[in-house]
Amino acid sequence: MSETLHTEPRIDDPDDFYARLITLHADLSTEQSQKLNSKLVLLMANQIGDRAVLDEILDIVRKRD
Amino acid sequence: MRGVRHTYPFTRPAELDTDERTHVPVIIVGAGPIGLAMGLDLDLQGIPNIILDDDNKVSIGSRAICWAKRALEVVDRLGCGERMLEKGVTWNLGKVFFGDEKEPVYGFNMLEEEDQQFPGFINLQQYYAEEYLIDEIDKRELTGIRWENEVTNVDQSTDGATVSVSTPQGDYKIDCDYVIAADGAHSPLRKMLGQDFGGETFQDHFLIADIKMKAEFPAERWFWFDPPFNRGQSALLHKQPDDVWRLDFQLGWDIDREEERKAENVSRRIRAMLGDDFEFDFEWVSIYTFQCRRMDRFVHDRIIFAGDAAHLVSPFGARGANSGLQDVDNLGWKLALILKGKAPASLLESYNDERVKAARENILNSTRATDFITPKSEASRIFRDATLELADEHEFARRFVNSGRLSVPTILDDSSLNTADSDSFDSKLVPGSPATDAPVKVSGQDSWFLKSIGTDFTGVYFAKEGASAPDGADELEQDDIPVKTLVVSDMDVAGNGLLLDHKGLLKQRLDGQPGTYYLFRPDQHVVARWRDFDLQAVRDAVARATMQTG
Chain A
1 MSETLHTEPR IDDPDDFYAR LITLHADLST EQSQKLNSKL VLLMANQIGD
51 RAVLDEILDI VRKRD
Chain B
1001 MRGVRHTYPF TRPAELDTDE RTHVPVIIVG AGPIGLAMGL DLDLQGIPNI
1051 ILDDDNKVSI GSRAICWAKR ALEVVDRLGC GERMLEKGVT WNLGKVFFGD
1101 EKEPVYGFNM LEEEDQQFPG FINLQQYYAE EYLIDEIDKR ELTGIRWENE
1151 VTNVDQSTDG ATVSVSTPQG DYKIDCDYVI AADGAHSPLR KMLGQDFGGE
1201 TFQDHFLIAD IKMKAEFPAE RWFWFDPPFN RGQSALLHKQ PDDVWRLDFQ
1251 LGWDIDREEE RKAENVSRRI RAMLGDDFEF DFEWVSIYTF QCRRMDRFVH
1301 DRIIFAGDAA HLVSPFGARG ANSGLQDVDN LGWKLALILK GKAPASLLES
1351 YNDERVKAAR ENILNSTRAT DFITPKSEAS RIFRDATLEL ADEHEFARRF
1401 VNSGRLSVPT ILDDSSLNTA DSDSFDSKLV PGSPATDAPV KVSGQDSWFL
1451 KSIGTDFTGV YFAKEGASAP DGADELEQDD IPVKTLVVSD MDVAGNGLLL
1501 DHKGLLKQRL DGQPGTYYLF RPDQHVVARW RDFDLQAVRD AVARATMQTG
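These protein sequences, in sequence, are chains A and B. Here the first sequence stands for residues 1 to 65, numbered as in my numbering. Here the second sequence stands for residues 1001 to 1550, numbered as in my numbering.
Derived by calculation from the structure, the hints in this document are not laboratory data. All figures in this text were calculated on a predicted structure; none of them were measured in a lab. Cβ atoms here follow ideal geometry from the backbone N, Cα and C, with glycine treated the same way. Be a bit skeptical, because a hint or two may be false.
Okay, derived cross-link-like pairs now, DSS-like style, lysine-lysine, Cα gap no bigger than 25 Å in a straight line [unchecked claim]:
#	chain 1	residue 1	chain 2	residue 2
1	A	K35	B	K1503
2	B	K1503	A	K63
3	B	K1173	B	K1087
4	A	K39	B	K1087
5	B	K1428	B	K1503
6	B	K1191	B	K1212
7	B	K1376	B	K1095
8	B	K1428	B	K1376
9	B	K1451	B	K1376
Derived list of chain A stretches under chain B, where covered just means 3 residues or more per stretch with a C-beta under 8 Å from a C-beta of chain B [claimed, not checked]:
#	region
10	5-17
11	39-49
Per label pair, the in silico range of CB-to-CB distance [what the hints assert, rightly or not]:
#	chain 1	residue 1	chain 2	residue 2	range
12	A	S29	B	F1217	11 to 21 Å
13	A	L43	B	Q1513	43 to 53 Å
14	A	D27	B	P1228	28 to 38 Å
15	A	R20	B	E1082	23 to 33 Å
16	B	G1099	A	D27	20 to 30 Å
17	A	I48	B	E1082	51 to 61 Å
18	B	D1392	A	L28	26 to 36 Å
19	A	S38	B	Q1513	50 to 60 Å
20	B	L1364	A	S38	36 to 46 Å
21	A	Q32	B	A1420	45 to 55 Å
22	A	L28	B	G1341	23 to 33 Å
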């Protein structure tokens, strides 16, 4: 059965997670930051796995551009 | 510029006309909200004290404006809560705007639980809070304020301190057991002691303009990220009493402070934000930078630091004066027990531990909010903007938006003064939590639970049948450190110390099944709780909470 996309909050202590995420980028050049983000996207996408969910996410993020 | 309030007269201290040295148990340095509240708390505890201030007036300009629920509960215990609530602007709603969008990205509601005396927040100019505290001190016997008395030196000995004071009519010395330094962010006492104040200054400037105007905006906290009237920066709008509005503009780091402070330039910003079709007067204008700093220790032998003197946070989150009042709450009863010879001086270590923990928590929250509002790197800014774009439609992203995590009290769950639960409870409260409020009736009159506890250790017993206290509870009232037991019943029967829980909310919030006994510290924090009353267990818990053991 296909998963559905969760947009409700699911991460404990979101402030702590956000701070950790931003800290990852400390002292990186723009290109290094982009590469780091790309790795994040690919790892998280693989973790999600479900192609329908991934397509839904891709639609959401492109909508505003 | 408006905003200058009363001045208070200098009175020639008796010490200038005698060679006899005065001794007072506690000298408080600084008549800001923290010093004044400290004087009142010690007065309630029966400890004579003198507040010294180098100035002769309350704060110039609004300065601290957001008073959080816990801070209001503390000042209510001191006698000023209802007056602040009545004058203040109550607000619970906040809205966050982003970019050119006219509609908010999202809104939040601060009030967690209804049926409590105080709301999540009120806005009230700092000078009103100070005036109310001063009025209350005027009614008391044990607290005196000496205006235009500047502390120039403090000498500590093993059993006290000698404070040197300079006045317009001469200098004098005064002896005391303890000095409380509530002398603000630039604390002269901290400098006299050569104590460092570690932390960081954020590379940004903010312009505060408090203006008086007739406007139809609701009493809500409005926060803008990157609005058209302040591109690339943030802004804040907040209502105060007397038609005064707090406007806050982020300016960036590389600015000409003198230029930005000029009335015509501030007016230009205000017009860009609010439009041209209204009149306003300036109440107060100030440009400031954010700092997050704290002392390593707040207790230095006979000198104890509280409020901004001990710890400094950025304003977003309203964690400055609110946390300072919780310092007062924590310190008053401990110092009183020590001065009465009922607890060892080492009890002050728990003030240090508990309030350093709180300061770390406040600085962490304040730093994170500042990092979100003022991103330190390009990557951080892009993440911030992406979060705000997603927050419009997606609930999860709203949790990441941080325009200030507004002040909530620290849970002292790892305090050595607590006695750990041996029974299980289904309540948000744990040992170390401040008590939660609930409506009750006392002698037929509507009241609030929190009004019934404080100043001394208090036991709260949920009656099994009828409304009688458990056997042995009256013995606790005769102890060296007495415990007064309040009986909670949902049946309307008359009796001393009886709280009628007519809505059943106290029972619900404390999981007060029949027989349950809660022990609260004088600062209304849970010490321990049991499913059954046990006299020895209560005595052991009081002993632990006052460091009589181990």
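Status of the hints after comparison with the structure:
no., hint, verdict
1, A:K35 <-> B:K1503, "violated (58 Å)"
2, B:K1503 <-> A:K63, "violated (50 Å)"
3, B:K1173 <-> B:K1087, "violated (39 Å)"
4, A:K39 <-> B:K1087, "violated (55 Å)"
5, B:K1428 <-> B:K1503, "holds (18 Å)"
6, B:K1191 <-> B:K1212, "violated (37 Å)"
7, B:K1376 <-> B:K1095, "holds (24 Å)"
8, B:K1428 <-> B:K1376, "violated (36 Å)"
9, B:K1451 <-> B:K1376, "violated (45 Å)"
10, 5-17, "holds (count 8)"
11, 39-49, "violated (count 0)"
12, A:S29 <-> B:F1217: 11 to 21 Å, "violated (43 Å)"
13, A:L43 <-> B:Q1513: 43 to 53 Å, "holds (48 Å)"
14, A:D27 <-> B:P1228: 28 to 38 Å, "holds (33 Å)"
15, A:R20 <-> B:E1082: 23 to 33 Å, "violated (43 Å)"
16, B:G1099 <-> A:D27: 20 to 30 Å, "holds (29 Å)"
17, A:I48 <-> B:E1082: 51 to 61 Å, "holds (54 Å)"
18, B:D1392 <-> A:L28: 26 to 36 Å, "holds (28 Å)"
19, A:S38 <-> B:Q1513: 50 to 60 Å, "holds (55 Å)"
20, B:L1364 <-> A:S38: 36 to 46 Å, "violated (30 Å)"
21, A:Q32 <-> B:A1420: 45 to 55 Å, "holds (48 Å)"
22, A:L28 <-> B:G1341: 23 to 33 Å, "violated (60 Å)"
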